[in-house]
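Chains A and B are the protein sequences, given in the same order. According to the UniProt record's numbering, the first sequence is numbered sequentially starting from 1. According to the UniProt record's numbering, the second sequence is numbered sequentially starting from 1.
Treat the hints with care, as some may be off.
Covered stretches of chain A (in silico footprint by chain B; criterion: 3 or more residues with CB under 8 Å from a CB of chain B, positions within the stretch not fixed) [claimed, not checked]: (1) 1–13; (2) 115–125; (3) 138–150.
Taking lysine to aspartate or glutamate pairs in the EDC-like style, the calculated list, with each CA pair at most 20 Å apart, reads [said to hold, decoys possible]: (4) Lys26/B x Glu67/A; (5) Lys181/B x Glu135/B; (6) Lys182/B x Glu192/B; (7) Lys26/B x Asp237/B; (8) Lys181/B x Glu195/B; (9) Lys26/B x Asp91/A.
Derived from the structure by calculation, the hints contain no laboratory data. Cβ coordinates follow ideal geometry from the N, Cα and C atoms, glycine included.
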Amino acid sequence: MPIVGVLALQGAFNAHAQALRQLNVEVREVRLPHDLDGLDGVVLPGGESTTMSQLLLSSGIFDVLTERITDGLPVLGTCAGLILLSQRVLDARPDQVSCSVLDVTVRRNGYGRQIDSFEADIDVMGLDTPFTAVFIRAPLIEEVGSGVEILASHNGAAVAVASQNILAASFHPELTSDVRFHELFLHMISSGSSASSGR
Amino acid sequence: MRVKRGLAEMLKGGVIMDVVTPEQAKIAEDAGACAVMALERVPADIRRDGGVARMSDPEMIEGIQAMVSIPVMAKVRIGHFVEAQILQSLGVDFIDESEVLTPADETHHIDKFNFTVPFVCGATNLGEALRRISEGACMIRSKGEAGTGNIVEAVRHLRSIIGDIRRITQADSAELFDWAKKLQAPLPLVQEVAELGWLPVPMFCAGGIATPADAALAMQLGAEAVFVGSGIFKSDDPAPRARAIVEATTHFRDASILAKVSRGLGAPMTGIAMDEINQRYAERGW
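Isolated chain A, as found in the complex (with noise of 0.2 Å):
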């Protein structure tokens, strides 16, 4: 049984532990640089990426964290999650920290305030049927750099995306009862290679 770490400094982690549990998965919450080890794969989750910068670096985190994904371990990034992810962010404070792993330009709250938040059925590459993403003050993806593959769009925007050992999105898989998004992630975990490329 893999061992999968949500990161549980602040947000949807626990929606998102709930998801994998589903799944037959081990689930940690991580909160200290130790909750790292042994981990078959990490989850960032969405919540306030400014809140979840500081923490992680209060706590010790994040160089771990950035060190681990660099070196492979499979990561799944969700809204904030994904900011944390992401090479170029857009309106964050100037004290923002990122991991600086997947080539992509986002823009914090890109879609706008609560009130434009919505929800969308969407085709995934690698699901049969469309999956219904919601967008929470979602980021906005304005860049995806070469080696990243796009797997799924909405209006003309990528809002999921997989390089390597990452898989984003600026949507939140963890807020329906549909696994599918987690069950490409865990591919991802035992193919050891990116979420589509298995098909």
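Since the structure of chain A is already known, use the hints to place chain B on it.
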């Protein structure tokens, strides 16, 4: 509902701080607040000043929205759906239909299904929580006793709500009808609580949090995030205290971290004992 409840999910494990100026909002965001509550006076001052407490000036709310990138919440009076319409038009991210303000309606809360913006409401017990959810609240918080810096009422409310949830999960299907009657709450919601073992929406703690230990106490009792009202900006040195409460809310089970962040914060707000107060805000709401 999923989009509205979704934002409540995103705030879990975080600290929502009361602020009265853009400068305070900046301090809150710098300290790691996951959201701010924009209001004209913190509850301790509302309590001191008396009179009618109302929704904040839109200009003041917009000033705070312009200053920070984290979600901005604001309060409306219980039952005052026009104040809520105004806040929604300002693009506020979450509305608190709050007993801290002077109620506008002695019988009815707002029909929160009529709004696209999500609402949080206070509750002192499970029946009250479920009635608010039946009106469309997307988050429940304990009422506590705002502006006192005294955690005792919030603890009472959390224990009452969570204790009854535990008892309901043990009840058989016939007993659930009696629970619905006793709680004065809709049966389908009571059945949902029995099945989930929890409320169908997130539950946060509010009212009286003044120290990192208070925040961790609320979290260990089962709250999923905390609101801090007067406790930060009525203390001697708000910025480090705000920062420490953020750390304590994340590392709420780690006593060594709690000890570390509790050091050298200066004096907390003085606080008030329950027998010293004339008006209990928690009794507002029906």
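Hints, verified against the model:
no. : hint                : result
1   : 1–13                : holds (count 6)
2   : 115–125             : holds (count 4)
3   : 138–150             : violated (count 0)
4   : Lys26/B x Glu67/A   : 31 Å, violated
5   : Lys181/B x Glu135/B : 17 Å, holds
6   : Lys182/B x Glu192/B : 16 Å, holds
7   : Lys26/B x Asp237/B  : 15 Å, holds
8   : Lys181/B x Glu195/B : 18 Å, holds
9   : Lys26/B x Asp91/A   : 15 Å, holds
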